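There are 2 protein chains.
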Amino acid sequence: MCGLPMDPLALTFTVQARRGHARLGLLTTPHGAVRTPAFVAVGTQAAVKGVTPEAVAGAGTQVLFANTYHLYLRPGAELVARHGGLHRFMNWSGPILTDSGGFQVFSLGASIEHGVGKVASIFPGEAPARRTPGGDSMVRIREDGVRFKSHIDGSLHTFSPEVSIAVQRALGADMVLAFDECTSPLHDEAYTRTSMHRTHRWAERSLAAFEASTPQHGYPQALYGVVQGGAFRELREQSATTIGAMPFDGIAIGGNLGATLQDMYAVLDWTVPLLPHERPRHLLGIGDVPSILEAVERGVDTFDCVTPTRNARNGAAFVRRNDHGERQPGFRINLRNARFADDLGPLEAGCDCATCRSYSRAYVRHLFKANEQLAHQLVTVHNLRFMARLMEDVRTSLAEDRFAELKADLLGR
Amino acid sequence: MCGLPMDPLALTFTVQARRGHARLGLLTTPHGAVRTPAFVAVGTQAAVKGVTPEAVAGAGTQVLFANTYHLYLRPGAELVARHGGLHRFMNWSGPILTDSGGFQVFSLGASIEHGVGKVASIFPGEAPARRTPGGDSMVRIREDGVRFKSHIDGSLHTFSPEVSIAVQRALGADMVLAFDECTSPLHDEAYTRTSMHRTHRWAERSLAAFEASTPQHGYPQALYGVVQGGAFRELREQSATTIGAMPFDGIAIGGNLGATLQDMYAVLDWTVPLLPHERPRHLLGIGDVPSILEAVERGVDTFDCVTPTRNARNGAAFVRRNDHGERQPGFRINLRNARFADDLGPLEAGCDCATCRSYSRAYVRHLFKANEQLAHQLVTVHNLRFMARLMEDVRTSLAEDRFAELKADLLGR
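Those protein sequences? They're chains A and B, same order as listed.
Just so we're aligned, residue 1 is where the first sequence starts under the numbering used here, counting upward by one.
Just so we're aligned, residue 1 is where the second sequence starts under the numbering used here, counting upward by one.
Hint data in this document are derived by calculation from the structure and do not stem from the laboratory.
On a predicted model such as this, the values are computed, not experimentally measured, just so you know.
You can take every hint at face value.
You can't tell identical chains apart in this list, so a pair holds if it fits in one copy or across any two.
Cross-link-like lysine to aspartate or glutamate pairs, in silico, DMTMM-like; alpha carbons within 20 Å at most:
#1 LYS369 to GLU78
#2 LYS369 to ASP343
#3 LYS407 to GLU294
#4 LYS369 to ASP153
#5 LYS407 to ASP288
#6 LYS407 to ASP393
#7 LYS369 to ASP342
#8 LYS407 to GLU326
#9 LYS407 to GLU297
#10 LYS407 to ASP269
#11 LYS407 to GLU392
Let's have the full structure, built from the sequences with the hints guiding it.
In structure tokens, the structure reads:
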């Protein structure tokens with residue numbers, strides 16, 4: 001609790017080169033710099049699943065993402081604060097980004113009862129409620145905030161812009177997010193519009209709460225606003241203009257991005273040109289290779305996604321090409337496959353990661369078949385390195401003005 | 001397949017100091033030296049559960065143990081051989097010891113149908129068979145070898161001294177074991193005697209098979225004999241004398257060590273003085289602090305056990321003393337316990353391991369409560385470091401001739 005005043009240098013962002021909408025940049029935070037475009041590895045519960053921070057950094061990861069909702073419920077933001085914040089709690093000395101908690105309040109807090117991607121059933125009116133099969137209301141949205149049940153123990157909690165900022169102040173990430181409602185493809189335009197306006201009011205309240213509070217751990221924090229508006233052009237443009245006009249340090253693009261990759265690219269085409277050019281842009285929850293390349297081309301600077309870590313635990317190792325030098329559909333191979341049983345080669349030819357330098361596909365497959373957790377570690381390290389190398393190549397191609405060639409080489413178009 | 005001749009320098013053992021029966025020693029292997037007394041970490045399936053070899057070495061572990069039975073069944077010794085042996089397969093550059101497969105043939109191969117420690121039901125006669133509840137014979141012991149069903153897929157296999165040596169040649173550990181039958185507390189003296197004599201004949205055959213074969217991976221291997229005889233004094237003495245008289249590079253003490261720690265100490269009192277003084281002695285499958293100290297005092301040099309790794313995965317962190325400086329019963333604390341929820345201290349005060357240097361009990365407890373695999377890694381590293389520090393202190397106390405003080409300090413007697 002050092003009670004520092006707001007520091008305008010919590011975050012600086014320098015665009016070093018522009019190629020159409022794409023930019024090569026440098027983001028500086030109190031915990032070091034991030035060369036952009038960059039991939040942000042996800043450590044939901046203050047841990048990147050299965051790997052130590054040393055391994056995460058060793059793979060070339062520059063920045064981590066942690067989830068406010070999860071950490072608020074368990075172990076609690078106060079406990080993290082008593083450790084001096086997330087960096088010390090989880091032993092990560094680099095930059096950290098936390099979300100606002102909104103996404104999980106709406107998805108996990110709602111118990112995901114209908115199995116759709118981000119949120120579940122929709123009720124008309126100002127205060128939609130989601131109900132369990134038994135009829136319990138799980139999430140109730142009001143102007144002041146959201147009341148929800150914990151997905152862990154069913155306990156009742158309320159999140160609001162003020163609560164989200166207070167929790168994120170306690171967690172102490174370098175970059176924090178304004179509280180927003182994340183709408184889903186099941187929401188119609190009318191609901192999405194209502195929600196977007198509320199998110200804009202919550203953005204103002206998040207800014208006010210942020211400015212009225214002070215960093216708790218001896219270094220300043222930066223606040224990002226979140227653009228919503230679903231897959232509706234008018235709403236996205238309105239949200240980009242509105243959020244972009246507020247004094248946020250950076251802008252995140254969230255919510256429903258449509259049903260297809262083409263829809264997502266359209267959302268970015270509508271949104272990004274309306275955002276302030278001097279501030280960094282983060283695309284929430286997107287991490288596949290084609291989406292990253294298309295989004296970089298459209299001006300996005302940073303990305304977070306669980307794909308490298310989640311895929312690793314399922315046995316999927318990321319590769320650019322197959323063993324015949326051809327593009328590999330989905331950019332992954334399944335190491336559990338019998339065809340790797342006797343394969344003495346590395347996970348990906350030419351990869352410089354700690355796993356590919358020392359282990360064979362046959363060994364890693366053996367670990368999966370034998371239910372050895374080490375398998376998860378080894379493939380996670382590779383997949384994180386894959387993402388870091390991808391972004392390194394993206395940055396180099398932007399510096400050398402040959403991004404289109406890299407994209408064509410990776411995507412074949 | 002370099003076809004080297006048998007190398008008499010596969011293993012050297014130098015006793016640097018004797019304190020009663022206890023000795024301070026140095027064991028050298030083609031993959032480096034081991035300062036003894038030493039604890040050998042177990043990597044059953046060619047992986048120390050949950051941790052990388054770098055983390056295992058970083059904790060001060062000098063030597064690993066892998067299980068021939070498991071690796072023979074999965075992934076197969078030939079595959080390991082094609083990698084150039086276990087060291088390259090699992091990325092461990094230090095010394096490795098493999099067992100003969102006998103222990104698991106009798107325990108896992110028998111499907112552990114009666115739930116006793118090491119082996120199961122006993123049938124009279126020369127060819128005891130163990131039967132499943134359905135009546136299938138699971139293990140059949142004959143003079144030539146043992147026929148058993150895989151615990152993985154029920155497939156039928158035969159192990160013999162010749163097979164065991166051939167498999168261990170392919171795996172390529174620095175130290176390998178003669179094929180033996182591991183008897184259990186359920187075996188009577190008559191059966192244990194019969195089995196012991198067969199184990200002695202198998203020892204001769206193991207030696208012959210070892211001498212008739214050549215190392216496959218460009219460095220020599222050393223062969224240990226295994227003393228059996230259950231908890232029967234006459235048999236243990238006979239086995240120690242018989243195995244000790246054979247030209248093994250080292251001696252392992254295996255089988256049923258009785259029902260209590262006192263029984264085990266008696267077995268060591270009968271056995272160890274009859275073993276050749278110039279050769280190293282390994283006690284199979286024992287790793288608790290009191291047993292190690294009592295066995296070191298009785299002249300044992302090396303130990304292997306799953307306790308540090310298995311306990312870690314259950315949340316038990318090894319500590320010498322509690323937070324009040326008193327001896328901790330069982331030398332462990334359960335990090336899942338609610339009393340650690342807000343504990344900002346290291347797992348063990350004063351520990352220099354990678355985990356204690358960077359993480360709090362509260363953080364590790366959070367990982368366990370949140371089902372994060374990283375919890376297993378962090379506690380495994382600590383527990384391996386605990387064992388390494390214990391053995392370092394044992395060696396220092398032997399060098400300085402104050403082992404009795406160390407033992408009294410640790411055990412309180």
